[in-house]
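Asker: Chains X and Y are the protein sequences, given in the same order. Counting from 4, one number per residue, gives the positions in the first sequence under our numbering. Counting from 12, one number per residue, gives the positions in the second sequence under our numbering.
It is possible that part of the hints are untrue.
[Unchecked claim] If you anchor each label on the Cβ, the simulated ranges turn out as follows:
| # | chain 1 | residue 1 | chain 2 | residue 2 | range |
| --- | --- | --- | --- | --- | --- |
| 1 | X | Leu-13 | Y | Tyr-16 | 39 to 45 Å |
| 2 | Y | Lys-194 | X | Gly-24 | 22 to 28 Å |
| 3 | Y | Arg-255 | X | Pro-155 | 42 to 48 Å |
| 4 | X | Lys-111 | Y | Arg-236 | 42 to 48 Å |
| 5 | X | Glu-231 | Y | Asp-191 | 29 to 35 Å |
| 6 | Y | Val-144 | X | Pro-179 | 38 to 44 Å |
| 7 | Y | Thr-278 | X | Ala-196 | 48 to 54 Å |
The set of hints was computed from the structure by calculation and includes no laboratory data. Predicted model only: the values in this text are computed from it and were never measured. Every residue, glycine too, gets a C-beta built ideally from N, C-alpha and C.
Residues per chain, in single letters:
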Amino acid sequence: MAIKVIKPGLSTTVQDLGRPGYYHIGIPVSGGMDRLALKCANLLVGNKEGAAVLEAVFMGPELQFTEDAVVAVTGAELPPLVNGEPRETWTSFKVKKGQTLSFGFLKKGARAYIAISGGIDVPVVLGSRSTYALGALGGFKGRKLDVGDRLPVGKGRVVKEGRRIPEKLRRSPGAPAELRMVPGLYWHRITEAAGKQFFSDTWKVAPEADRIGYRFRGGKPLDFVPREQPFGAGSDPSNIVDACYPYGSIQVPGGTEPIVLHRDAVSGGGYFMVGTVISADMDLIGQLQPHTPARFVEVTMAQALKARNDQTKLYDKIKSSL
Amino acid sequence: MKTRYSYGGDEHIFVECDEEMSLDAFFKSLSMATAVKKAKIKGVTEICPANASFQVKFDPDVIKPAEMLKRLRMIEKAAAKANPLIKSRIIEIPVYYNDPWTRETAMRFRDRHQDPKSTDIEYTARINGLDGVDGFIRAHSGAPWFVSMVGFVAGLPFLYQMVDRKRQIQSPKYLRPRTDTPKLTVGHGGCFAAIYSVRGAGGYQMFGITPVPIYDPNQKIKHLRDFMCLFRPGDIVRFKPIGREEYDETVAAVEKGKFKLKIKDVTFDLREFQKDMDGYNAKLMGALNGH
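In isolation and in its complexed conformation, chain X is listed as follows (with noise of 0.2 Å):
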C-alpha cells in the first residue's frame, strides 16, 4: 500500500533507528531524535520496534490513506485527527483506505512520531531507512516529504485500536530542561570560573535548532585560560585542531554560544567542546522548542550509566505493559 502525501508538514523526514558505522566518513547515525517515542509508536501498532516511521518537526503532515492501517502518535502533544475527528496521542487507530490523517496545533514537545502498522517501507541504505538531507541519503529521496509524495508502506501484522501507554511511562522534558552532561574533552580549555558560570545559567534553546544540533543562548561568554595556540588550529583561543565530535557534544564557538549536537551531527570541525550531554537525556532534546529555557547539569559517569540504566528499564516497563 502507499500513503499519499496531501500537506507535507515543516520539515517530515522518514527515520528509524539510525545507521551506525559510517561516521569515519562523515555520514551521522541519523534516525528519529527521540528514540523512545519512536520505538513506543512502533510497539502501539505492532511493528518491530526499529521500522521506519515518520518525524514531524512542529507541524504535522497530512496523509491520505490507499488502504486500512493502525496508527499510533507519540513524542511531541501533536494531536491526530481522522477525517477531521480527534484521536488520543501514546494510542493506537484505525485509519481505513480512503481517510486523512492531519493534526492538531502542537500543544507540547517539539517532535512527532508517526508510525503505521507495516512501517514506511522506502530502501535501505547503509543498513537503514532513516533520511540524512544534508547528504541526500536514505529516507524519501533523501528529503524531506512534498506535496504529492507517495510514501510506500509494508504488510503490518493486525493489531487492535486502543493500544496506550500510561502516562505515567512518558518522558518529556521539565521546566527549565535540565540536560545533564559530563565535562571533559577540551574543559580545560575553560577558566574555573567559566565552568561554574557555565552550570549556574540558565540557557534559552535559539531558532537555529535542528536534526544536526541545538543551539542554546542568553548565558554569559565563557573566559579561556590563555595559551598559545597550537599549530593547525587556528587564531581564535576556542579553536582546536579539527577533532571528531561526539554525539551529544557540546561545543561552544567564540566561547558565546553552546551547541549540542544530535543525530545527524557534523561528525568533526575546528571548535573546542565542554562535555557531552549523557545518553540518556539526548531524546529529551529532540522535545525541545525554541525559547524554551535549559540548563546543563554535571553528572559523573557512574550517574551517566545509572541514567542509561533507568531508562532501560522504563523501556521494559512500557514493553509489559502492551
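Chain Y: place on chain X using the hints.
Answerer: Relative to chain X, chain Y alone:
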C-alpha cells in the same frame, strides 16, 4: 607528544594524540585507530580517525567505559612499537584553480573576508609570501597531500600537505562563515585543505574547483559505484592544475560514464619520507604515473 584520553559522555572515548598538528600525530592517531579496528572489540560501533586524534563510539551496555579505556591504553602501548607504515592509495584530483564559480561566490560574501579587495587566492598567496596566483598554484599542486580526516559532512576530506612545516600553506577561515560554497570547491583553513563534497555553508578560503565527484549517494558515478564516498583517511592526493577546457571535458566525461579516476595503491613509510620529503614525494608521483 602526549596522549590524552577523555570520555565523551557514556558512549564515546576521545583520544588526542597531540594538541598540535603534525604528520607524527596524524600517524599515531591513524595507526591506533586501525589497531582498535583490528582488535574487533565487542560493543564498538564507530572508529573515527581525525587529524591528530581519534574517537571510539561504543555501547556501554556491552563494554563498560572504564574497560574500554583500559583496552585503548593497551593498544597505545602496542602501537608505539609498530613501524609507521601504512597501505595507502595515491589519487590524482584535477583542479581548475581561480575558476569563475568560486570567484563569483567569494565576491558575494566579500564583506565577510579579511581582505575584501583581493580574491581568496591572491590574499593567501600574499600572506604566505608566494609569487601571486601562479606562485600559489605551483606551491599548492607541487607536493602531495595526506587525507588526515574525512568528515564534517559526508565524504569531505581534510588534507595536510606533505612538506616541511615552514612550506605549508596557512590561511585563516573567513571572518564569518559563508552561507554558500559551490559543490567540489577546493578550500583551505588553518593548515588544512578540504574538498566540499556537497554545496552548503563554509568558512574556508576558496581556491578552485574539481570536476571529479567525490560523493554520490546514488552510487551511479563509475568510481563511486562500490562506495558512495571516494576518500578514506590515509589516502594521498595530488592536485593537478587544469584549465577551463580540460575542466569542461572532464565534467562531460563524468556525465557519460567515461571518466577514469587515476588511482594507485602504494605503501607509505613515514621514516623514509622524513629522511627526504621531496625525494619521497617524487617517488610517489612516479608510482601514480606508472613508473
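Asker: Indicate, hint by hint, whether the structure satisfies it.
Answerer: Taking the hints in turn, this is what the structure says about them:
The hinted range of 39 to 45 Å is satisfied by Leu-13 (chain X) and Tyr-16 (chain Y), whose Cβ atoms lie roughly 41 Å apart. Between Lys-194 (chain Y) and Gly-24 (chain X) the beta carbons are some 25 Å apart, a value that agrees with the proposed interval 22 to 28 Å. Checking the proposed 42 to 48 Å range against Arg-255 (chain Y) and Pro-155 (chain X) shows it holds: the Cβ atoms sit about 44 Å from each other. Against the hinted window of 42 to 48 Å, the Cβ-Cβ separation of Lys-111 (chain X) and Arg-236 (chain Y) comes to about 47 Å, which satisfies the hint.
Evaluation of the 29 to 35 Å hint for Glu-231 (chain X) and Asp-191 (chain Y) yields a pass: the beta carbon distance comes to about 34 Å. In this structure the supplied range 38 to 44 Å is violated for Val-144 (chain Y) paired with Pro-179 (chain X), their Cβ-Cβ distance being about 54 Å. Under the hint 48 to 54 Å, the C-beta atoms of Thr-278 (chain Y) and Ala-196 (chain X), about 51 Å apart, fit the expected range.
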